[in-house]
Each structure stands twice: as C-alpha cells, then as structure tokens.
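Chemist: Sequence:
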Amino acid sequence: MSDRNETILVVDDTPANLRLLTTALTEQGYRVRAALGGLPALRTMLADPPDMVLLDINMPDLDGYTVFDRMRAHPLLRDIPVLFVSAVADTKSKIRAFYRGGMDFIAKPFQLEEVFARVATHMELRRLRKRLESSNRELEHVVAEQVREISDSQVATIVALAKLAERRDDDTGAHIDRIGSFASALARARFDLLAGDARQVHDFIDVLTRAAALHDIGKVGIADSVLLKPGRLNPDEFSVIKRHPLIGYETLNAVLESYPRNEMVRVGTYIARSHHERWDGSGYPDGLKGDEIPLEARLVAIADVYDALRSKRPYKSPMSHLEASRIIVEGAGKHFDPGLVRCFTAVEGEFDRIWRAMGEGDPTRPGAEPVTAEPGLWTPPRAQAGGGVA
793 MSDRNETILV VDDTPANLRL LTTALTEQGY RVRAALGGLP ALRTMLADPP DMVLLDINMP
853 DLDGYTVFDR MRAHPLLRDI PVLFVSAVAD TKSKIRAFYR GGMDFIAKPF QLEEVFARVA
913 THMELRRLRK RLESSNRELE HVVAEQVREI SDSQVATIVA LAKLAERRDD DTGAHIDRIG
973 SFASALARAR FDLLAGDARQ VHDFIDVLTR AAALHDIGKV GIADSVLLKP GRLNPDEFSV
1033 IKRHPLIGYE TLNAVLESYP RNEMVRVGTY IARSHHERWD GSGYPDGLKG DEIPLEARLV
1093 AIADVYDALR SKRPYKSPMS HLEASRIIVE GAGKHFDPGL VRCFTAVEGE FDRIWRAMGE
1153 GDPTRPGAEP VTAEPGLWTP PRAQAGGGVA
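The opening residue of the sequence shown carries number 793 in our numbering; numbering runs sequentially from there.
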C-alpha cells in the first residue's frame, strides 16, 4: 500500500479500463485521476502534473507515442515516469516504447497484482531519484559555499596586501576603493550602450570592480626614496617608477600559477601590466595601442587618472571635478579609448558623487590651493615630460 499520497494519471480511451485501474490503484493508497484520451491527458497534466502516468497506446485522438513525445518536449512533464499499457504487445511495439524513454510496458489483458508491483517499483525509483537529486543539489550548494569562502578569503588576502602597498603613499588606502567604484560606473555605462548578455555583463563588472584594486600592487617593489619623493622625479627615478606595472604583473602571475581558476587575479594581471598604456601607443611598459590594450586596463586607466587628478599629494594640488573631467575628455584618442571617454561623459556626475563620498574632500572649498593645468594631455607634475601617471 502507498502511504505517500502520490498521484497517478491513467490514460485510456476505454471507460471500463479507466474505471478498473482507477478503483484498484485508489485502493492501493494512490490518488488517481483518469483521462479519456490523449488530448484530455495532456490538458490534465499541464494543469497539475502527476507523479506517474499509465498510458494506453492505441487511442483515436492522439496515440500514446505522440502523447509521450509531447510530454518529453515540455519542461513540466519531461521527467514524469510513463508506463505504457497496451493490448499491442508485440516486440516491435515494446521496443518502440522503451526507445522513446518509457519506464515499463504492461500488456493487456493484465493482472492487477502485476500492475501494482510495477507501479510500486517505479514509484520507489522515482522517490529515490528525487532524493538523489535533492542530495546532489545540497552537495553542490555546500561545495559552492566552500569554494566561495575559499575564493573570498583569497580575495580578501590579496586586497589586504594591495591596501598595504597603497598606504605607503596614501595614508587612507582609499584610492583603490575609489578606483574600483569608478571603473564599475564606467563599465556599466559602456555596456548600457552595447547589447550583451546580462549575466556576463554582471560577472565582468563584478570581477573588474575587485581586480581594479590590484592595479598598483607592483609599487610594493619600488623604493621609498623614489615612491615617496615629494618633488619632481629625475629621469632615472621615473624609469624606476615605470617598472611597477611589470612588477605587479609578475607578482600576480605567480599567484595565478598556483590558483589558475581565480578570475580576479587573472584580470588583475591585465590591469596591473597595462593600465599605463595609452590609446596612441605612447604608454608603458609594452607600448600597446588602441584595442591591443585589454578593456579592463583601459577602464582602469581613466579611473586612475581621474582619481590622481582629484587627489592631493605632496607634489601636487587637487583639481576640481570640472578640471579633471576636462582633462579626461581632452585625452580621448591620445591617452584614453575615445569610446570609453564618451561613456565617461555620460556618468561623470557619478564619478563626482563617488569622490565626494569616498575622497579627500572638496578641492574647491575656501582655502584650498588653486589648481591649474595646461590644455591637452595631462602629465603629473612629479614626472618628466611624457611620463604619464605614476
């Protein structure tokens, strides 16, 4: 006897067969519904999917094979076990039923004990399969959570090291947080203008936001005498500063060899190496130009320069949002990807809001040092001409 209240749909074009099976299976403890033909059966199943179907083959509206094929084509019905019940019991018909995916074949005339045994067996198999699927989902969830925890701990460690490196020339360490927020805003604007898979866009921006923190991690290998020098760098010192993209790339690439599936580190290698490249090919360390520069690095380049322009440093005064934005726009096609500069103009107000929330204050406040900048491509005051953002 069934004590699980499973539902069975009996499908036949003969009312006597329906009454016999419905009564007998109900006495076995199942909830039984009946459908007089293939089309009523499909309507009944779609309204309330059963746990099992006993399906006649020869029916005038839709034969059992056609009903079965339509079930397998529908996501709500495709996993319901089907037991064919038919007076056509030749080997070819049975093979055809099993080939389509039927779970069993009961020949008419049948013994009720045989029907009960086959139904009970396949109901138990269904229960076991559902338990296995549930266990697999739980296991996948546990594994996913463990992987996420491991990944999060790796990310936290790497970002903590990046913040430590950043604090050498930024007392707050907030620069890398702002860079991630700026790059995220710019990437959203870029993808708003282009059609793309929403999930892929979300994943790209999520990884970019975290990986942007690694852009200057190579500065950990630069001597304090150069990195913290308050005045203009001489050519030799600037050559030392220009090594930090390769130092960062080599450091992260070594991590990537140990953790090849860490997407944040993989993207971080692109950003660390190439965020000082310029659209016109005049950047460093590789002299890449245009689309040769990874998209992630092109996004971070704008975020990094904007933040540098607005930040107060021992060797420079902070600029206002309007002044920083003007310099970004003037760098289109020279320093920056012109398409991304157009995106920047669409969200420059968000850049200003991020700065005011996470930055060092308002450089236009009373008493702030005046800011001036020559028209054209910006060069930081501590670098030699053509040097770029350090």
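These are computed hints drawn from the structure, not numbers from a lab.
Note that CB positions come from ideal geometry on N, CA and C, so glycine has one too.
Any given hint could turn out to be false.
[Said to hold, decoys possible] Here are the computed distance ranges between Cβ atoms for each label pair:
1) Leu838 / Ala1046: 31 to 37 Å
2) Asp998 / Glu819: 54 to 60 Å
3) Pro1027 / Arg1053: 39 to 45 Å
4) Pro832 / Arg1053: 35 to 41 Å
5) Ser1074 / Ser927: 56 to 62 Å
6) Glu932 / Pro1022: 52 to 58 Å
Chemist: State for each hint whether it applies.
Modeler: Consistency of the hints with the structure:
1. Separated by about 57 Å at the C-beta atoms, leucine 838 and alanine 1046 break the suggested range of 31 to 37 Å.
2. Distance hint for aspartate 998 and glutamate 819: a CB-CB separation of about 57 Å, consistent with the stated range 54 to 60 Å.
3. Between proline 1027 and arginine 1053 the C-beta distance comes to about 42 Å, which sits within the given range of 39 to 45 Å.
4. For the pair proline 832 and arginine 1053, the supplied restraint of 35 to 41 Å is violated, since their beta-carbon distance comes to about 52 Å.
5. Judged by the Cβ atoms, the range 56 to 62 Å given for serine 1074 and serine 927 holds: they are separated by roughly 59 Å.
6. Taken as a hint, the range 52 to 58 Å holds for the pair glutamate 932 and proline 1022, whose Cβ atoms sit roughly 55 Å apart.
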